[in-house]
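Enquirer: Taking my numbering, the leading residue of the sequence shown gets 8, the next gets one more, and so forth.
Warning: the hint list may mix true and false statements.
[As the list claims (entries may be wrong)] Keeping only pairs whose Cα atoms sit at most 30 Å apart, straight-line, the calculated DSSO-like set for lysine-lysine is:
(1) K32 / K177
(2) K32 / K162
(3) K162 / K177
Hints in this document: simulated from the structure, not taken from any laboratory.
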Amino acid sequence: MESPRGDAEDEFRAFVAASGPRLLKFAVLVCGDRGDAEDLLQDGLERVWLRWSRLREQEPEAYARRTIVNRATSRWRSPWNSRRSGEDVESRQGAGEFGRADADDFGRADDRELVLAALRRLPPRMRAVIVLRFWLGYTESETAAQLGGSVGSVKSQASRGLRRLRADLKTSTGVADA
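Turn these sequences into a full structure, and let the hints steer you where they fit.
Expert: Structure follows, in structure tokens:
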């Protein structure tokens, strides 16, 4: 007979196997760098494991997402973030599966790269709202629950984020408003 801890470990492993790839994609979109995303995911999963007895019956994936966003925001605000200040965001564009895109059926690989580069220039929390709402298709209330915030905050972050993305993309492409 297995111990209760063994059951918890098995459940956690199953959770990681099922949710890990989605959480990694989310982390890459939030921070823009595959290596940093893996670190954020590791931190998030460690925190989920430490609280597994409480989280296993609730929403451990939502907790992990919230942890990823919080850790990304902390890193972004950190004075150590200046280590990247001389690094051009576009030079990291090829990182992870969200970097260089192969041409899709509609030939929009270049558009995708421009959007991803602009997305990487947003602050992490704003980026997370944009990713959850418009990339992953969450509702405002689902996004608020995932990030541990209010619907009003999600609405304002989404509005500001979209405005910044539009301005950034207009500058990048030289396209005027239609």
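Enquirer: With reference to the structure, classify each hint as holding or not holding.
Expert: Against the structure, the hints:
Among the hinted pairs, K32 with K177 is consistent with the structure: their alpha-carbon atoms are about 26 Å apart, no more than 30 Å. The hinted pair formed by K32 and K162 meets the criterion: a straight-line CA distance of about 23 Å does not exceed 30 Å. For the given pair, K162 sits about 22 Å from K177 by alpha-carbon distance, which is consistent with the 30 Å threshold.
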